[in-house]
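K.L.:
Each chain is listed here by its residues.
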Amino acid sequence: MKKILNDPENYVPEMLEGLLAAHPDRLKKAGDELYGIVRADAPTTGKVAIITGGGSGHLPVFLGYVGKGMLDGCAVGDVFASPSVDQVAATIRAVSGGAGVLHLIGNYGGDVLNFAAAADDVDMEDDIEVATVLVADDVASAPSDKADKRRGVAGMIYAFKIAGAVAEEMKPLADVKAAAEKALANTRSMGVALGACIVPQVGEPTFEIGDDEMEIGMGIHGEQGLERTKLKTADEIIEALLNPILEDIDLEGGEITLMLNSLGATPLEELYIMYRKLVELLAAKNITVHRPYIGRFATSMEMMGASLTIMKLDDDLKRLLDAPANSPFFDQSQYA
Amino acid sequence: MKKILNDPENYVPEMLEGLLAAHPDRLKKAGDELYGIVRADAPTTGKVAIITGGGSGHLPVFLGYVGKGMLDGCAVGDVFASPSVDQVAATIRAVSGGAGVLHLIGNYGGDVLNFAAAADDVDMEDDIEVATVLVADDVASAPSDKADKRRGVAGMIYAFKIAGAVAEEMKPLADVKAAAEKALANTRSMGVALGACIVPQVGEPTFEIGDDEMEIGMGIHGEQGLERTKLKTADEIIEALLNPILEDIDLEGGEITLMLNSLGATPLEELYIMYRKLVELLAAKNITVHRPYIGRFATSMEMMGASLTIMKLDDDLKRLLDAPANSPFFDQSQYA
Amino acid sequence: MATTMNTQQVVELITAVAERMIADKDELQKLDAELGDGDLGRTVSRGFTAIKEDIAATDDPGGDVDKFIYKQGKTFSNGAPSSFGALFGTVLMTGGKSLRGKEEISLLDIADATQAALNALMERGGAKIGDKTMLDAMHPAIAAMRKAVEDDASMGAFFRAAADAAQQGAEDTKDMQSQIGRASWQQQRSAGKMDPGARAIAMMLDAAANHTQEG
Amino acid sequence: MATTMNTQQVVELITAVAERMIADKDELQKLDAELGDGDLGRTVSRGFTAIKEDIAATDDPGGDVDKFIYKQGKTFSNGAPSSFGALFGTVLMTGGKSLRGKEEISLLDIADATQAALNALMERGGAKIGDKTMLDAMHPAIAAMRKAVEDDASMGAFFRAAADAAQQGAEDTKDMQSQIGRASWQQQRSAGKMDPGARAIAMMLDAAANHTQEG
Ligand SMILES: Nc1ncnc2c1ncn2[C@@H]1O[C@H](COP(=O)(O)OP(=O)(O)O)[C@@H](O)[C@H]1O
Ligand SMILES: Nc1ncnc2c1ncn2[C@@H]1O[C@H](COP(=O)(O)OP(=O)(O)O)[C@@H](O)[C@H]1O
Ligand SMILES: [Mg+2]
Ligand SMILES: [Mg+2]
Ligand SMILES: [Mg+2]
Ligand SMILES: [Mg+2]
Chain A
10 MKKILNDPEN YVPEMLEGLL AAHPDRLKKA GDELYGIVRA DAPTTGKVAI
60 ITGGGSGHLP VFLGYVGKGM LDGCAVGDVF ASPSVDQVAA TIRAVSGGAG
110 VLHLIGNYGG DVLNFAAAAD DVDMEDDIEV ATVLVADDVA SAPSDKADKR
160 RGVAGMIYAF KIAGAVAEEM KPLADVKAAA EKALANTRSM GVALGACIVP
210 QVGEPTFEIG DDEMEIGMGI HGEQGLERTK LKTADEIIEA LLNPILEDID
260 LEGGEITLML NSLGATPLEE LYIMYRKLVE LLAAKNITVH RPYIGRFATS
310 MEMMGASLTI MKLDDDLKRL LDAPANSPFF DQSQYA
Chain B
10 MKKILNDPEN YVPEMLEGLL AAHPDRLKKA GDELYGIVRA DAPTTGKVAI
60 ITGGGSGHLP VFLGYVGKGM LDGCAVGDVF ASPSVDQVAA TIRAVSGGAG
110 VLHLIGNYGG DVLNFAAAAD DVDMEDDIEV ATVLVADDVA SAPSDKADKR
160 RGVAGMIYAF KIAGAVAEEM KPLADVKAAA EKALANTRSM GVALGACIVP
210 QVGEPTFEIG DDEMEIGMGI HGEQGLERTK LKTADEIIEA LLNPILEDID
260 LEGGEITLML NSLGATPLEE LYIMYRKLVE LLAAKNITVH RPYIGRFATS
310 MEMMGASLTI MKLDDDLKRL LDAPANSPFF DQSQYA
Chain C
78 MATTMNTQQV VELITAVAER MIADKDELQK LDAELGDGDL GRTVSRGFTA
128 IKEDIAATDD PGGDVDKFIY KQGKTFSNGA PSSFGALFGT VLMTGGKSLR
178 GKEEISLLDI ADATQAALNA LMERGGAKIG DKTMLDAMHP AIAAMRKAVE
228 DDASMGAFFR AAADAAQQGA EDTKDMQSQI GRASWQQQRS AGKMDPGARA
278 IAMMLDAAAN HTQEG
Chain D
78 MATTMNTQQV VELITAVAER MIADKDELQK LDAELGDGDL GRTVSRGFTA
128 IKEDIAATDD PGGDVDKFIY KQGKTFSNGA PSSFGALFGT VLMTGGKSLR
178 GKEEISLLDI ADATQAALNA LMERGGAKIG DKTMLDAMHP AIAAMRKAVE
228 DDASMGAFFR AAADAAQQGA EDTKDMQSQI GRASWQQQRS AGKMDPGARA
278 IAMMLDAAAN HTQEG
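Protein chains in written order, with the numbering used here: chain A, 10 to 345; chain B, 10 to 345; chain C, 78 to 292; chain D, 78 to 292.
Don't take each hint at face value.
[Claimed, not checked] To give a feel for the contact side, a few chain C residues facing chain A, derived at Cβ under 10 Å:
1. 79
2. 81
3. 92
4. 106
5. 163
6. 166
7. 268
8. 269
[Unchecked claim] Simulated pairs of lysine-lysine, PhoX-like, Cα-Cα distance not exceeding 25 Å:
9. 158/B <-> 251/D
10. 155/B <-> 11/A
11. 241/A <-> 11/B
12. 241/B <-> 11/A
13. 151/D <-> 155/B
14. 174/C <-> 155/A
15. 102/D <-> 158/B
If you're looking for bench data, these hints aren't it; they were derived computationally from the structure. On a predicted model such as this, the values are computed, not experimentally measured, just so you know. Ideal Cβ placement from N, Cα and C applies to all residues, glycine included.
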């Protein structure tokens, strides 16, 4: 296993200690709970707080979006594992500013169950109101008639951004929840993997893939995808990512934002090579692109591959997307 | 070769076309020269223009730092190759705002020669004044009595940031050059490689490295390093990166900024694991850290490994470092 | 032979199950790698290790049997926070709650507690019988438990019957298509593979049968 | 046999050298992989391909010999923008400039042009003789050229002597420690390896000798 680490069992706590040492001006623990990372100035009284959470190994997802204009806190699991009920509850308590808390989490069994149990706890024990929105944007994971079963991938970042902007406007919980739901109703993702990653505590690749192979639709934890094929060209790959999205949501003639995301090892150069073809394909459908995000936004450690996320825009979503936001991992200043 | 690309020969031009399609609001070609990337609003009349350049495959280096508060332009070479004299000259012409141009480039033979030849051309043909500062921050590449022979790595980003901030203040060429020189006099870097990358036109890894090996001091193009050893722990590795820097520049009791940089495939999680130990080691020497940069700032495509860069600060450098800056790859807003 | 258990006996039973699950975690790991993400072995070993540690750390690991079982549910799910961890935690917590006030528990109590847990799982997790989950091992096990109670079976026979039925239920999941959780993303391709959670339930009951038959 | 060349003959000579360098690029690639970054094979093949293309694209590839050589220097360095590309481009540009106004060039002219190029290289690149670079092949080659001129050698013998001296110079670089360029970062470890740029110069002169000896 080629990794820079000490004891694999300490991968996550040491990572979190490093994070807190690096950004004490912007992040802190949720009380005593190391596995709860919240804004340094949390809670913000009167503001709806938004938290997410899930397994580690996806930086900047999840905790990288804790910051002004986005999330208030994040419950952190071990690599590819859910945070526990107690960790989620500690996070909720640390961010609650009296206006309610929104759980904005990926549609993964463990996370869904543990966040629900934590919501019960803080409801009963602290009278904190919690609403939940599940991210289920990966079109590869279920057909459109079972869209609620889909898993959540990079699309969650658009939900963080949109709901976060609404919360920053001091809107009530129902509005923040509705904004997240609207963002997600307009969002679809699709990924491709070329190479596996290694969970530190396991020490072996999560899946096997031939030197000349790729898998379209693979999940970010190595969940089996739609099709294993020979490695295709960049132009073919981006088409294979775009087409299932276009079949799932009508974008023709509209305006979108998009995220072309490396799963980790795939270099930015290759994202731009794909982007070149992508704008061509979109232009042919009269789809215009606002504020493309091209980079590493949701990774699987050193996995090789990429994902495409598209969010259909209206004036409202566009304004909220453009609002400033800032975290140690995501800085969208007034300039851009 | 596991890469998302079309014809390997088109790796760089297709990457550049994608880049220009993605960021037309912030970047444009240097006239007709695709291999010259400049700010969309270049030239800025009366401002000293700063350009850099070098081989592709290091994003965000080099062109990723073209933007407000940093560079005005970048001449782009093929993967790991210098841009040509004509490409550099076209870039100079596109950014020159009448106040002179600073070449701020890595100390690599091809780049040094071609930028010098281009400077001759624009001096003779266009009366453009050019000054040159070479980045030579990699302590692994030569002993301190031959420090001018060292190669340039991630430390160049601090030089871009500091010199860029001074240029933005509309200071004359001599001041911008002096600022770059001061930044670099205070800057040292050291890297470690765990895994190789593949130059697309070559199709094979640039070097061989065993499954349980690492190489301290390896260059970003796979130049042989100081020592090949068994893979060490994160704590040992960061110490091996820090110690040669501490031997080369006196930091004890001072304030620094630092860049803990992934060479590509190494995930952010592992950088934070190293950072945890790094602050411990620095604290033991009474060295305090201002604004740590932790992420991917200078890569070698999918190379696995990391580098540490340290710049010693004084009030002046600190103010210039904190100034806002913005490019599609680097956004330092007023918030942070 | 006794057909009731006091707290001390429950502690011993759970400890025996824990040992077995930690020892055989690789089998679950492999099944989950086929159908899910390959962490179920780690989940059960972490969850049961947490329970063992909790038992070891408590001076009198007994106390009220309902509270003990409830607490081990919390311990399991906090120690192994995956789907199965949360769900099996719910099984123990709900089971514990349904035994409220009992000093000793009977075989019928166990059948009823398992039924209560099943209901809670369906409510919490949204799965139905036949969705290819741990429910498909629990459901036939409960029927077998009730039949064993009717037949005045010994505790050993009770758990053996439940274990066999659960194992058959786990085998039957091979013919099902996953409707919920990670495995559902495999859609048609999930057919032919055994559900790892169902197998985990069968394995626990088998360990319980071995333990009580020894006694 | 003639000891001067007109433009047409220079074009033929450069074309012959180009063919050879493109054919034997792998040898240079390997040497540069040992001591540098392994791109010298690609550099020479790209540079000489650019020259061949330029010659093919020009109706009358001749014209003034000085201008022709100068132009091929620009073509080489823009076509192969690495250290060697820039430096060998400088060789041709400086050589061309030193032939200003000539219709035909003599062997002495060639020796003088090579000397002018060597001086320019030292100025541009900052290397000295003995720093383990292409200079260490050019320097002995110039001495051999001058001796051949003194000895009234034929053009073929002139280039053969230069090529042999250059090759000996390249061999001698094995004993040197790199003082400049990428190879210098290897410090002591550079000893024992042949400088790839020096070998490239020797290879070019060998190609020139083969071509002119055939004629
Ligand atoms: N909603 C559910 N209801 C009942 N059982 C479930 C549910 N979701 C998952 N399971 C069970 O959990 C097992 C997987 O557990 P685990 O590996 O912890 O899941 P994950 O790694 O996806 O979080 C499945 O085999 C199944 O038996
Ligand atoms: N400053 C210099 N002066 C003379 N020759 C040099 C100099 N730098 C490099 N060389 C020659 O160039 C050769 C390497 O060329 P090349 O592979 O193009 O370099 P790089 O890949 O480092 O840009 C060396 O073997 C050496 O002969
Ligand atoms: Mg899991
Ligand atoms: Mg090179
Ligand atoms: Mg699992
Ligand atoms: Mg080279």
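K.L.:
Please go over all the hints and tell whether each is borne out by the structure.
P.N.:
Hint-by-hint comparison with the structure:
no., hint, in the structure
1, 79, "35 Å, violated"
2, 81, "31 Å, violated"
3, 92, "22 Å, violated"
4, 106, "9 Å, holds"
5, 163, "4 Å, holds"
6, 166, "8 Å, holds"
7, 268, "13 Å, violated"
8, 269, "13 Å, violated"
9, 158/B <-> 251/D, "21 Å, holds"
10, 155/B <-> 11/A, "34 Å, violated"
11, 241/A <-> 11/B, "10 Å, holds"
12, 241/B <-> 11/A, "10 Å, holds"
13, 151/D <-> 155/B, "32 Å, violated"
14, 174/C <-> 155/A, "35 Å, violated"
15, 102/D <-> 158/B, "28 Å, violated"
When each numbered hint is compared with the structure, violations occur for hints 1, 2, 3, 7, 8, 10, 13, 14, 15.
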